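Protein sequences appear in the order of chains A and B. Numbers 1 to 587, taken from the working numbering, label the letters of the first sequence in order. Numbers 1 to 240, taken from the working numbering, label the letters of the second sequence in order.
Each hint can be trusted.
A few chain A residues that face chain B, going by a derived Cβ cut-off under 10 angstroms, partial list only:
#: 1; residue: Leu-320
#: 2; residue: Ala-322
#: 3; residue: Leu-329
#: 4; residue: Ser-356
#: 5; residue: Gln-375
#: 6; residue: Asp-380
#: 7; residue: Leu-384
#: 8; residue: Gln-421
Please keep in mind that the hints were generated in silico from the structure rather than gathered at the bench. In this text, all values refer to a predicted model and were calculated from it rather than measured experimentally. We put the CB at the ideal spot given by N, CA and C, even for glycine.
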Amino acid sequence: MSAPGDRVRRPMTLRTKIVAGVAALVAGILLTVSLFSDIALRATVDSMVDGQVAASLSGFEHSVHKSRNNAARSGDTDSPKGFGKELVDFVGHAPGTIIAMTVDGEIVDAARFTDAGGVPLDAATVDEIESAAERLSAGPAGSAGSAESEGLAGSAGSAADGAALDQLDPVDLQLAEFGAYRATVATDRSDSLLFVAVSSAAAEETVVAHTIVNLALAAFAILAAVVGVALLVRAALRPLSRVAAAASAVTDVALDSGEVSVPMRVDPDDVDGRTEVGQVGQALELLLRHVDDALRVRSATDLRMRRFITDASHELRTPLAAIRGYAELTRQDSENLPETTEFALSRIESEANRMSSLVSELLLLARLDEGQDVQHDEIDLADLVIAAVSDAQAAYRDHEWIVNVPESAVTISGDPERLHQMMSNLLGNAGVHTPEGTTISVTVTLPATDDAGAPKPGLVRVLVADTGPGIDPELVPILFERFVRGDPSRGRGNGSTGLGLAIVRSIVEAHAGTVEVQWSGAGTTFVVELPAAERPVAQRPVPVAEQEPSPSRSSSAAADHLASDAPVGSPPTSIDDRSAEHEAPVG
Amino acid sequence: MLAQLPRITRPDGAPIRVLFVDDEVTLTRLVSLALAYEGWIVDVAHTGHDALELVATARPDVVVLDIMLPDIDGITVLRRLRESGSAAPTLFLTARDSVDDRIIGLTAGGDDYMTKPFSLEELVARLRGLLRRIVHAPAEGQRLQVGDLVLDERSYETSRGDEPIALTTTEFELLRYLMRNPNHVVSRAQILENVWHYDFAGKASIVDLYISYLRRKIDRDRTPLIHTVRGVGYMLRSPA
Chain A
1 MSAPGDRVRR PMTLRTKIVA GVAALVAGIL LTVSLFSDIA LRATVDSMVD
51 GQVAASLSGF EHSVHKSRNN AARSGDTDSP KGFGKELVDF VGHAPGTIIA
101 MTVDGEIVDA ARFTDAGGVP LDAATVDEIE SAAERLSAGP AGSAGSAESE
151 GLAGSAGSAA DGAALDQLDP VDLQLAEFGA YRATVATDRS DSLLFVAVSS
201 AAAEETVVAH TIVNLALAAF AILAAVVGVA LLVRAALRPL SRVAAAASAV
251 TDVALDSGEV SVPMRVDPDD VDGRTEVGQV GQALELLLRH VDDALRVRSA
301 TDLRMRRFIT DASHELRTPL AAIRGYAELT RQDSENLPET TEFALSRIES
351 EANRMSSLVS ELLLLARLDE GQDVQHDEID LADLVIAAVS DAQAAYRDHE
401 WIVNVPESAV TISGDPERLH QMMSNLLGNA GVHTPEGTTI SVTVTLPATD
451 DAGAPKPGLV RVLVADTGPG IDPELVPILF ERFVRGDPSR GRGNGSTGLG
501 LAIVRSIVEA HAGTVEVQWS GAGTTFVVEL PAAERPVAQR PVPVAEQEPS
551 PSRSSSAAAD HLASDAPVGS PPTSIDDRSA EHEAPVG
Chain B
1 MLAQLPRITR PDGAPIRVLF VDDEVTLTRL VSLALAYEGW IVDVAHTGHD
51 ALELVATARP DVVVLDIMLP DIDGITVLRR LRESGSAAPT LFLTARDSVD
101 DRIIGLTAGG DDYMTKPFSL EELVARLRGL LRRIVHAPAE GQRLQVGDLV
151 LDERSYETSR GDEPIALTTT EFELLRYLMR NPNHVVSRAQ ILENVWHYDF
201 AGKASIVDLY ISYLRRKIDR DRTPLIHTVR GVGYMLRSPA
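From just these sequences and the hints, can you work out the full model?
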């Protein structure tokens, strides 16, 4: 509809459009009405004035006849008028009326009437009248060219019936001193004319006053219409605003994560299908319900799927236990078995073990997906990290392990077993995917700092950085997906299930944290951020009793021990020698 | 490997009796075979009702109980078993292993919890752990005290202040080990070796798990006695 250039123009709201439209309509109607009423009024007033003109003229003629007859009787006929009586002495004329007589185009006498009777006219006005009378008298030759209305001419004509004189329709006359007049002339004798002018100032004032009142009323009516319509429209559109608010509230709900229903509904008052707004509300309500149903179906499918995975995993466990157990049992008699059989049994056992861990990991993921199955204990993450690094160090003896943790306790609320698994997966991943001799450093900071070094209060950060060859950039976006293997050649053979990093992400997210990977050219860094416990617990590392030389007096001491490949748990037995053979962290 | 550890018997020299309750015939056969290597007698029940009947006649020293049974679930079986007066330590063996399942199993009076698929070796090791209180007669027992925490090795009773604390067998063994070494740091490896008597293949986190159970029962809302020594292990210390 609109040209592209119009796009910058702000669109008018419906309310503005309606109000503006109604205001224009009302204004148009009122102005038209006032215009026609003005015209009608003016016509009425003009005809009234013209009636006065005709009456004055006929009275004037009558007086002139009478005066002439009197003059003829008394012989006083020297005056050019044919009688001696002054026009100012004439009676029967309304105040403001001017009468005059011309002889051969010259004014011979003139008078203006006031409330106190006739007064003579000043010379300037006399001149004006003279020229006006001349113009008027020229009119009859042009055969009633100045006549504006047949009706007026008719009424004037009937008023002058008694006289044998021609009378012209009145015309407007503007006098410098006395204002607006209606004037006419009539033939008196062959050489003289009678001139009459009636003031139309009062009529003019009436018309103007009427027009002003009309316009004021119209302005008020327009204002009232604008305000009234604005209120009405607002009231009428209010349900629409509510419907819009309901719709936009839905967009604030995170429907992609966990939430399986649309909690908002359109107000029941706004879904009445008999009104236009109600239809919109009804349509939205239907849409919401439809979305809600679809979400519910999807989440039910999702739930069934997860339950299926859980059930399938459970069902797989018993036969797996049997396979594993019988292989284990048979291998007890290894001296009676041929070497190939013993090898086959050990393969059966190790594959059954791998399948067991796969099943456990699938189950764990399914449960974490459901957002359950996480304990919340207050734990010192630094301690947990040190323990995990010492396990990893035992499993990957040819890597350099460095651990940096703060002196004070890094308390978070979480599931120690799961977090241990998360760390062990991350460290195992670093160990598997980097060549021997690679340095892997693990840093815990509280509070976390962003890349610019600014602290992020309430967050704890764990960095696992290696100086290895890095990750295939194509893998980065899908690194935390399930069954993604960085290096297919090293994948399945070493017990990797391809679920390790997916589990890392699930565990971190179950603790309301985030995990991401950064590749800087000098190595790969995994960044885990977890919320710190709300109140820091005074679970400071306990000073160790003197008889036991301890590597843990400070965290840097622990780090030194790790870096120098010394067992961390220095008291008599080391946990770690054994874990090397068994625990193959996933990647 | 199996059968390499010294044989254990009842104090009177009679063989250990195990009641194994699982509806999977393959598994019951397997476990019977494996435990026979240990010189133990295994009574097998495939339903909860059979199990309850067998408890009365066979008088087992230890019970291995599947939670999902065809008739009554393992937790109910255990409750009825305790009601009937049997105090035999019980290990839940189940395919369900969520935190909730585990807590239900342990709070229902189970002494240990294993999930399928399991290693026979580990099963035997855990059962041996549970059997220690039968095998080692209470003679050597004594009363241990750290702060207001008291553990009686003969009566298997624990209390803090005046409040008795109910511990599962594993928790009891763990606490006993810690209380025998008060004010000393014990590493996770030491705990694994002395409490579980079994190589858990670097699963030091099981220690953390049981420490967290113990803390809930002993230290919650009280002055903590169990302290974490970062990078090393744990220490039980009386408050200064």
